[in-house]
Amino acid sequence: MHHFLNRQRYLLDYTVAALRRRRAKNLGLLTVYTALVFLVASVMLFSHALKREAALMLEAAPEVVVQKVTAGRHDLLPAAHVEALRGIRGVRKVEGRLWGYHFDPVVAANYTLMVPSDRKVAAGTAILGSGVAEARGAAVGDLLSLRTSNGRALPLRVVEVMPHESALVAADLLLLSERDFLAISGMPAGFYTDVALSVAHPREVRTVAEKVLARLPDSRPILREEILRTYAALFDWREGLLLVLLVTSGLAFAMLAWEKASGLSADERREIGILKAVGWDTGDVMRMKLLEGGLLSLLAFMLGFVLAYAHVFAFGAPLFASALRGWAVLYPEVRLTPAVDGLQLVGLFLLTVVPYTAATLIPVWRAAVTDPDAVMR
Amino acid sequence: MTMPTAKSHRPGNPVLALLTFVALMFVGVLVHAAWASDATALANRERVRALGLTDLCLSTEARYTRHLSQADYHTPFQDHPVALEHFPSGTLIAPPPHLRHAPLSQ
Numbered sequence: 444m445h446h447f448l449n450r451q452r453y454l455l456d457y458t459v460a461a462l463r464r465r466r467a468k469n470l471g472l473l474t475v476y477t478a479l480v481f482l483v484a485s486v487m488l489f490s491h492a493l494k495r496e497a498a499l500m501l502e503a504a505p506e507v508v509v510q511k512v513t514a515g516r517h518d519l520l521p522a523a524h525v526e527a528l529r530g531i532r533g534v535r536k537v538e539g540r541l542w543g544y545h546f547d548p549v550v551a552a553n554y555t556l557m558v559p560s561d562r563k564v565a566a567g568t569a570i571l572g573s574g575v576a577e578a579r580g581a582a583v584g585d586l587l588s589l590r591t592s593n594g595r596a597l598p599l600r601v602v603e604v605m606p607h608e609s610a611l612v613a614a615d616l617l618l619l620s621e622r623d624f625l626a627i628s629g630m631p632a633g634f635y636t637d638v639a640l641s642v643a644h645p646r647e648v649r650t651v652a653e654k655v656l657a658r659l660p661d662s663r664p665i666l667r668e669e670i671l672r673t674y675a676a677l678f679d680w681r682e683g684l685l686l687v688l689l690v691t692s693g694l695a696f697a698m699l700a701w702e703k704a705s706g707l708s709a710d711e712r713r714e715i716g717i718l719k720a721v722g723w724d725t726g727d728v729m730r731m732k733l734l735e736g737g738l739l740s741l742l743a744f745m746l747g748f749v750l751a752y753a754h755v756f757a758f759g760a761p762l763f764a765s766a767l768r769g770w771a772v773l774y775p776e777v778r779l780t781p782a783v784d785g786l787q788l789v790g791l792f793l794l795t796v797v798p799y800t801a802a803t804l805i806p807v808w809r810a811a812v813t814d815p816d817a818v819m820r
Numbered sequence: 015m016t017m018p019t020a021k022s023h024r025p026g027n028p029v030l031a032l033l034t035f036v037a038l039m040f041v042g043v044l045v046h047a048a049w050a051s052d053a054t055a056l057a058n059r060e061r062v063r064a065l066g067l068t069d070l071c072l073s074t075e076a077r078y079t080r081h082l083s084q085a086d087y088h089t090p091f092q093d094h095p096v097a098l099e100h101f102p103s104g105t106l107i108a109p110p111p112h113l114r115h116a117p118l119s120q
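Chains as they are written, first to last, in our numbering: chain A, 444 to 820; chain B, 15 to 120.
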């Protein structure tokens, strides 16, 4: 055993010395290799963590949301529609909701205004999402002035600012009283934006949705499972899109790696010839080259992955944040809970380490089985 | 095989040390991920339940990307006839699958 370990150590020493002789080339390869693993791993980690977090949070979304549709568009829903939904068997709670959007010209940002159902917000006050508070530089006790639908300014006293951690669901929220909401949005009283239904048994959700359609043919029920599927599909799509963009750099790297790994330079050929001449057998030469490829790719894989982890979970994925933001002025500060998908990790390993290491072997084997005299000539 | 004589100057040592260091960091991040607490996400889940929220706040520039699951067929193209969708986030955010695959309302 001791002899075996010593042998491996000497092999490693020799391999490192050989790598050092082509220092610039190998360092360049390691850098590009690490950068590629970093990019692919960042996309994978970011998408997986977002998908996981979305599923966890939106599990608590309303079971069914009912919208009224007029001329193919989402329309305001009269109170009579809410009443029509009350008697459906299996529905625990029917709640007409008041929410909408407000463009704030002061910071050129869109807010989501909402009248919360779980608490009473006093007229003339507001609870701000962290993004709104940041954009307006507002804190608890400050006065925030919004323009009403008839052009007057409506001052609102800030009574609470939601914590930063809630940004992923509530960065742009502005919770206010019904009276203030109607004044700002211009919505007539007796109308709702939509209706949220709470269904007692999960198996009955589809039946309830069908009953909603039967009672209100001009409505569109959106199920919680559809909301969850929307976000699962969104992150698959986004991940796919980013990976497609990375394919070009992946191909460039594949060409570089293939050139480096599959074609032996005259120096490397001579080296193999000399090793054979001084008594190395084919197995030793192959082991040495395998170690060389394995060292480079394993180092690049682990380093790239660790950097990607830090990029996504410690620094909030600044490389992708701009793609998320678009033209939005308010954007959530995405701080994701670290999560690694084992299958993705294995996939990344198989896609990066194995092909490169394998590509180094074929030409080496070809050179190593040839007569040393012929190789050195 | 040629064998280096001075053990203290073995060229493999620094690389072995680097590899061990990187491997420890690699294992470290995996352990970190495994032990990470879902407390923030769970607190947000309660917020979603209390307020009846339906969507993640990923982009606030257009309503069909802010409340993606609530969007209908026409929201991205509503400005005028033959309007093209023009928000950058719309190109990165695919329409919800229930609009593309036989929604319940059809």
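To be clear, the hints were calculated from the coordinates, so they are not data collected in a lab.
Hints may contain errors.
[Unchecked claim] Beta-carbon label-pair distances, calculated as ranges:
no., chain 1, residue 1, chain 2, residue 2, range
1, B, Asp-52, A, Glu-668, 39 to 45 Å
2, A, Asp-710, B, Thr-105, 46 to 52 Å
3, A, Lys-468, B, Thr-105, 38 to 44 Å
4, B, Ala-53, A, His-445, 45 to 51 Å
5, A, Arg-529, B, Ala-48, 45 to 51 Å
Ideal Cβ positions, reconstructed from N, Cα and C, are used throughout, including at glycine.
Results of checking the hints against the structure:
no., hint, verdict
1, Asp-52/B / Glu-668/A: 39 to 45 Å, "21 Å, violated"
2, Asp-710/A / Thr-105/B: 46 to 52 Å, "49 Å, holds"
3, Lys-468/A / Thr-105/B: 38 to 44 Å, "39 Å, holds"
4, Ala-53/B / His-445/A: 45 to 51 Å, "49 Å, holds"
5, Arg-529/A / Ala-48/B: 45 to 51 Å, "47 Å, holds"
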